[in-house]
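Protein chains in written order, with my numbering: chain S, 9 to 571; chain P, 3 to 90.
Simulated from the structure, these hints should not be mistaken for laboratory data. Keep in mind the model is a prediction, meaning the values are calculated, not measured. Any given hint could be a false lead.
Claimed, not checked - DSSO-like, lysine-lysine: derived pairs with alpha carbons at most 27 Å apart:
{"id": "1", "chain 1": "P", "residue 1": "Lys75", "chain 2": "S", "residue 2": "Lys327"}
{"id": "2", "chain 1": "S", "residue 1": "Lys415", "chain 2": "S", "residue 2": "Lys342"}
{"id": "3", "chain 1": "S", "residue 1": "Lys327", "chain 2": "S", "residue 2": "Lys478"}
{"id": "4", "chain 1": "S", "residue 1": "Lys98", "chain 2": "S", "residue 2": "Lys478"}
{"id": "5", "chain 1": "S", "residue 1": "Lys98", "chain 2": "S", "residue 2": "Lys327"}
{"id": "6", "chain 1": "P", "residue 1": "Lys84", "chain 2": "S", "residue 2": "Lys415"}
{"id": "7", "chain 1": "S", "residue 1": "Lys342", "chain 2": "P", "residue 2": "Lys13"}
{"id": "8", "chain 1": "S", "residue 1": "Lys478", "chain 2": "P", "residue 2": "Lys24"}
{"id": "9", "chain 1": "S", "residue 1": "Lys327", "chain 2": "S", "residue 2": "Lys342"}
{"id": "10", "chain 1": "S", "residue 1": "Lys327", "chain 2": "P", "residue 2": "Lys13"}
{"id": "11", "chain 1": "S", "residue 1": "Lys415", "chain 2": "P", "residue 2": "Lys13"}
{"id": "12", "chain 1": "P", "residue 1": "Lys84", "chain 2": "S", "residue 2": "Lys342"}
{"id": "13", "chain 1": "P", "residue 1": "Lys84", "chain 2": "S", "residue 2": "Lys478"}
{"id": "14", "chain 1": "P", "residue 1": "Lys24", "chain 2": "P", "residue 2": "Lys13"}
{"id": "15", "chain 1": "P", "residue 1": "Lys84", "chain 2": "S", "residue 2": "Lys327"}
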Amino acid sequence: MTSSIAPFLIFFAGAVLAALTRGWARSVVLLAVPVIGALNLLALNGAEPVTVGMLDYTLTIVRADRLSMLFGYVFHLATFLGFIYALHLKDTTESVASMLYAGSALGVVFAGDMITLFVFWEILAVTSVFLILVRRTERARAAAMRYLLIQVLSGVILLSGILIRVYETGSIAFDFIGWSGFSSSLILLAFGIKCAFPLLHNWLTDAYPEATPTGSVFLSAFTTKVAVYTLARAFPGTEMLVYVGATMTMFPIFYAVIENDLRRVLSYSLINQVGFMVTGIGIGTELALNGAVSHAFVHIIYKSLLFMSMGAVLFRTGKINGSELGGLYKSMPKTTVLCIVGAASISAFPLFSGFVSKSMVMVAALEEGYSVVWLALLFASAGVFHHSGIKIPFFAFFAHDSGIRCKEAPTNMLIAMSLAAFISVFLGVYPWPLYDILPFPVDYKPYTAAHVLTQSQLLFFSALAFYALKLTGLYPPELHGINIDAEWSYRRLLPRAVRGFVRAFQPMDRGLRTAALNAFARLTRYVIRFGGPTGALARTVSAGGMMLWVVVVLALYLILYLA
Amino acid sequence: MVANEKGKPEKRYLFDNPRNVKAVIFALLAVCAGLFVADNYVERYYDHPWETLFGFYAIYGFIACVVLVLAAKELRKLIMRKENYYDD
C-alpha cells in the first residue's frame, strides 16, 4: 500500500484537533497523531513524489528517499516520546505549538523544492518560539524574542539565497547545492545559523534553557537536526564543514564544564554532538554520511532523554542550577537511573547508542587523512563524557546533599524516559535496524575488541581524571553566575554601542535642532513683521492717500517716459 | 543524620554510607587498571601514529580531561560575570 498524504498534514490536522479538544480527548489526539503519522510514513516509503501546482511552479511537498525517511522516522518517534512526557500539561498553546513545530520539521525534511523548504523553515521558527514564551517569565520572554529574531534572520538569508539561486539555475529543486558562489553561501549561512555554527550558536544556549521543561525536550529534537538534514542534503563533502564541525565539538565543552545551569550544560553539549554530525557531512564519504545521520538519529533520542531528566528535576524542585541541587538520587531514584542511561549513551559507552554511530565519523576522519581533526574529535569525546556523562548526573543527583526532598517524577515522564532509555540501549546492543535505514549500505562493525577496549579506556580514564581532580580539590566548584559568549556582541556590545552613539551625538543633535528652530523662529518673526496683521504689507491706508501715491507713481513714470 | 519534617530521623541512603562510596571508587580504579593492562592482549589497528603508543586511549582520555577542566577553570576568570550581567 502506498500513501500520498504529506506527513506534515497529519500533524497540522492534529494541531487543530488538539486546539478544539480538552482533557483526555486531547491526550488521545496528541498520542494518536505520531502513531497515525508513522503508519502513513511506512506507506510513503518508496512512494512517488507528491507534487502540487502553484502559479508557474510545481512544488514537491513529499520526497520520500532514504535520507528524508530516516529523519521522518526519528521525528515521529521524538514527537511520540515528547507528548508522553508532556501528558500532564493542560496548556493549549504549548500542546498546539509543539504539534505544529514537529509538523513543520517534517515539512522541511520531506520538501523536494526550495519554496516548500522555505515555507516550513519559517513555520518552524514561529511555532517553536511559543515553547519558550509559555514559560511566562520575563527572562523567557526576552530570550524568546532574541531567539525569534535570529531564526527569522536565518529565514530571510535563506530566502535571498533561494531567490538568487532560482534566478541563476532556473530550477527550484532542492538537491545537492555545494559551496560555490554567492547564492550557495547565503543558503549555507542560513543552514549554519539553525545548525548553531560557532559564533552563530548563542540563540540555542540562550533560549533552550529558558523554555518550559517539556518545551526544551521538543526543541532539542527538531531545529538543529532539521539543519543537519539540509546540510546533509545540500552540502555533503564541503571540506570547510569538517573544520566547522570540529570546532563545534571542541569549544562548547569548555563552557559546559563551568556552566551552572544544567539545561544550559545540555545545550552546549547539544552543539558538541551536532559538531560530530557536521564533521561527518563535511568529510562526505559514504561511511561519514552514514555516521552523521545515524548519530543524528540516536542523538535525538538520548538528548531528549537527558532534557527530560533535567526537566523532571526542574518540574519537581523548581531548581536547575548545579550549585543548588545534589543528593536527588534519594528522592528521584528512577529519574537518576534513566538520566545515567542517557549520559552513558551520549558518552558512547559500549552497549549504548552513541557507541554505534559516533565512531563511524571518527573512523571516516582517519580514513580521509584528517589526523588533527580526529584528535580533536577524540578530545571532544572525552570531554562530552566529562560534562554530560559525569557532571550532569553527579551534580543533580549525587555530589553534596542539597537537602531537597521531592517526589519522584510523574508517571508519564517516567514512561517517556524509560522508552527513550530502552531505545538507546536497544540500538546500542542491536544497531542493525538503524543501519538498515541509513542512506548507504553499511559495512561497519562497531563491536570489535579493539573498539570496545579503546573506547572503554578513553571513558574510564576520563572518569579517573574527574576523580583525581575532585580528590585534589582542583575541580572548579559550581558557581552562581553566567559566562559570556559570542552573544555578548549583541546583548552587551551592540546596546552599549547604540547607547554610546546616542550619548555622543545627543549634544550635537540638540545643537543642530536648536539652531534650526531658532532660524525658523527668526524667519517667522521676520515674516510677521512685514506680512503680519501689524506689518507694513498688511497696513491699511486711506483711499485718498492711495490715490496720492498712484498719482505720484504715474507722474514719475510719465517723466521717465518722456525724458 | 538529617531529620525530615515530621521530626523522625531520615533513613540512610546508599551513599550516606562512606563504605559504598569507597566501593565505587575502588571499582573505578580496578576497571581502569584492568583496561590498561588489557592493551597487551587486544590487537588494535593503527591508523594514526600515536595509536601505537601503549595505552594511548587511556592516557589521552586522562590528559584530555585534566587539560579540559584546568583550561575551563582559567577561562572562568576571563568570561564569568554576575548573574544579572545582561539585565542592567
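Hints, one by one, checked against the model:
no., hint, verdict
1, P:Lys75 with S:Lys327, "holds (24 Å)"
2, S:Lys415 with S:Lys342, "holds (11 Å)"
3, S:Lys327 with S:Lys478, "holds (24 Å)"
4, S:Lys98 with S:Lys478, "violated (43 Å)"
5, S:Lys98 with S:Lys327, "holds (22 Å)"
6, P:Lys84 with S:Lys415, "violated (32 Å)"
7, S:Lys342 with P:Lys13, "holds (18 Å)"
8, S:Lys478 with P:Lys24, "holds (14 Å)"
9, S:Lys327 with S:Lys342, "holds (18 Å)"
10, S:Lys327 with P:Lys13, "holds (24 Å)"
11, S:Lys415 with P:Lys13, "holds (16 Å)"
12, P:Lys84 with S:Lys342, "violated (35 Å)"
13, P:Lys84 with S:Lys478, "holds (25 Å)"
14, P:Lys24 with P:Lys13, "holds (20 Å)"
15, P:Lys84 with S:Lys327, "holds (18 Å)"
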